[in-house]
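Listed below are the residues making up each chain.
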Amino acid sequence: MGVIVAGVISALELDRAMVDKLFSLSDKFKRGAVKPLDRSLSVALAFFEPSTRTFSSFEMAAMKLGLSVTSMRSDKDSSMAKGETFADTVRMLSGYADLVVIRSRFDGSARFASEISGKAIINAGDGQNEHPTQSLIDMYTIREHFGKADNLTYAIVADLRHSRATNSLLYMLNNFRPKAVHIISPRQLKPLEQVTSRLKYECEWSESLAGVPGDVDVLYVNRLQKERFQDEMEYNSVKGSYHIDIGVAERMPDDSIILDPLPRVDELDRAIDGTDKAKYFVQAANGVPIRQAIMYDLLSKRR
Amino acid sequence: MEKDLLINRIKSGTVIDHIAAGKATLIYSLLSLEKSGGSKLAILINTDSNRTGSKDIIKIDNRWLTPEELYYVALISPDATVNIIKSYKVTEKKKVVLPEVIEKVVRCQNGRCITNNDPEAHTKFRVISKDPIKLVCAYCNITIDANQIPSSIAATRS
Ligand SMILES: [Zn+2]
Chain D
1 MGVIVAGVIS
11 ALELDRAMVD
21 KLFSLSDKFK
31 RGAVKPLDRS
41 LSVALAFFEP
51 STRTFSSFEM
61 AAMKLGLSVT
71 SMRSDKDSSM
81 AKGETFADTV
91 RMLSGYADLV
101 VIRSRFDGSA
111 RFASEISGKA
121 IINAGDGQNE
131 HPTQSLIDMY
141 TIREHFGKAD
151 NLTYAIVADL
161 RHSRATNSLL
171 YMLNNFRPKA
181 VHIISPRQLK
191 PLEQVTSRLK
201 YECEWSESLA
211 GVPGDVDVLY
221 VNRLQKERFQ
231 DEMEYNSVKG
241 SYHIDIGVAE
251 RMPDDSIILD
261 PLPRVDELDR
271 AIDGTDKAKY
281 FVQAANGVPI
291 RQAIMYDLLS
301 KRR
Chain L
1001 MEKDLLINRI
1011 KSGTVIDHIA
1021 AGKATLIYSL
1031 LSLEKSGGSK
1041 LAILINTDSN
1051 RTGSKDIIKI
1061 DNRWLTPEEL
1071 YYVALISPDA
1081 TVNIIKSYKV
1091 TEKKKVVLPE
1101 VIEKVVRCQN
1111 GRCITNNDPE
1121 AHTKFRVISK
1131 DPIKLVCAYC
1141 NITIDANQIP
1151 SSIAATRS
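Same order as they appear, the protein sequences are chains D and L.
Here the first sequence is numbered in the working numbering, starting from 1 and rising by one per residue.
Here the second sequence is numbered in the working numbering, starting from 1001 and rising by one per residue.
Excised from the complex, chain D in its bound form:
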């Protein structure tokens, strides 16, 4: 087993000091006020599972940092299709890059990669487990809007049982003393006990959108995944109850916001896009400076 090098594997391991440091670094990247890394470094983007948005935002962030980028996308293009194991592919990429970004359909693959790589690993989504960089983007967008990220009221409408983005968000909120966290989902899509048992705050669950409190600050929405339901009828019967329309948005307080890690299916009415509350495209754009900050920080730490 190789040496374990720093990386971003789980939101549970990102403490407040680290998060604040990455946020102020992102602020600087947005202003263009960061000294470039002083020598030629490289990153491997190892995407064993298809992705467009996460991949392109990492790629863009790497290019802005002046890194050499090598990329491998989905099982099909890679040697894994020819029978090479995940471990061997990670070792090979670690052999020629200073940093490896991994997306895989296997839970825990980023943790395993960090044990065998010898290079810093960034978890860009591992199965249904975690997506820690997404949670940094979420909180950064919230902080940017409110000028703070502590003591806010959240309503999360999603498939929390299967979503790595909401797992990492819930873990990340441990750092921000939320005033209240309301979870809205069908009963069978509630977050797993293995996730909620690690939270330092209480969550209140309800099945209907009536559970969105009148004083909500952040409405976080993510699509219900059709393939998770037993049958299509069951899906059709619930999907309408989680559709955020302009009426829901209008009932929210003036300064509140709506986030969605995207892509959206039909959870968010397009009529909301033009309102001040719609921050999901700002959120998507923040992917680049946050990922610049993460890669910059990890690469500056290496010897």
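Quick caveat, the hints were computed from the structure, so don't treat them as lab data.
Here the structure is a predicted model, which means the values were calculated and not measured.
Ideal Cβ placement from N, Cα and C applies to all residues, glycine included.
Please note: incorrect hints may appear among the correct ones.
[What the hints assert, rightly or not] Derived, one-sided and incomplete: chain L residues facing chain D with beta-carbon distance under 8 Å:
no.	residue
1	1112
2	1113
3	1115
4	1120
5	1137
6	1140
7	1142
Given the coordinates of chain D, assemble chain L with the ligand onto it according to the supplied hints.
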């Protein structure tokens, strides 16, 4: 006493004592004790115990447990003790100890877990509760309860 009499019948070997009542046959099958090369073997089920009312005991002639096998015993019955017998005498008496981290012994029940999808990714569980036993996968975070442990161990040994 009956108990002493039974232990003393082993000249050299191992006595697993204070097994939770009813768990001896599970330990027997997980350790594949039937394959102990013709060793004499005794299993006492629901025998009297001063501590817990009743307990199981396994005694095996000419057979010693590897550290890995001791983990299996600890996972099934955390209060068991293991006595090493030489020349009809107990020469060593130890309580089984559940380590903080259990590697390789337990299989992860999550089919998507990397430990089920890469030949080099061995399982690693942290023990988050000892009574009742609760384990969490260091990779995928799934938890395994005491009642899931027998099937998770059996899967690694098949
Ligand atoms: Zn696992």
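Status of each hint after checking the structure:
For residue 1112 of chain L, the interface hint holds, since its Cβ comes within 8 Å of a Cβ in chain D; the closest pair sits about 5 Å apart. Interface hint status for residue 1113 of chain L: upheld, as the beta-carbon distance to the closest one in chain D is roughly 5 Å, under 8 Å. Below 8 Å, beta-carbon pairs count as interface contacts, and residue 1115 of chain L has one with chain D at about 7 Å; its hint therefore holds. Interface hint status for residue 1120 of chain L: upheld, as the beta-carbon distance to the closest one in chain D is roughly 4 Å, under 8 Å.
With a cut of 8 Å, the hint placing residue 1137 of chain L at the interface with chain D holds, because the nearest CB-to-CB distance is about 7 Å. Because the beta carbon of residue 1140 of chain L sits about 3 Å from the nearest beta carbon in chain D, less than 8 Å, this interface hint is met. Of the supplied interface hints, the one on residue 1142 of chain L holds, with its beta-carbon coming within about 6 Å of a beta-carbon of chain D, less than 8 Å.
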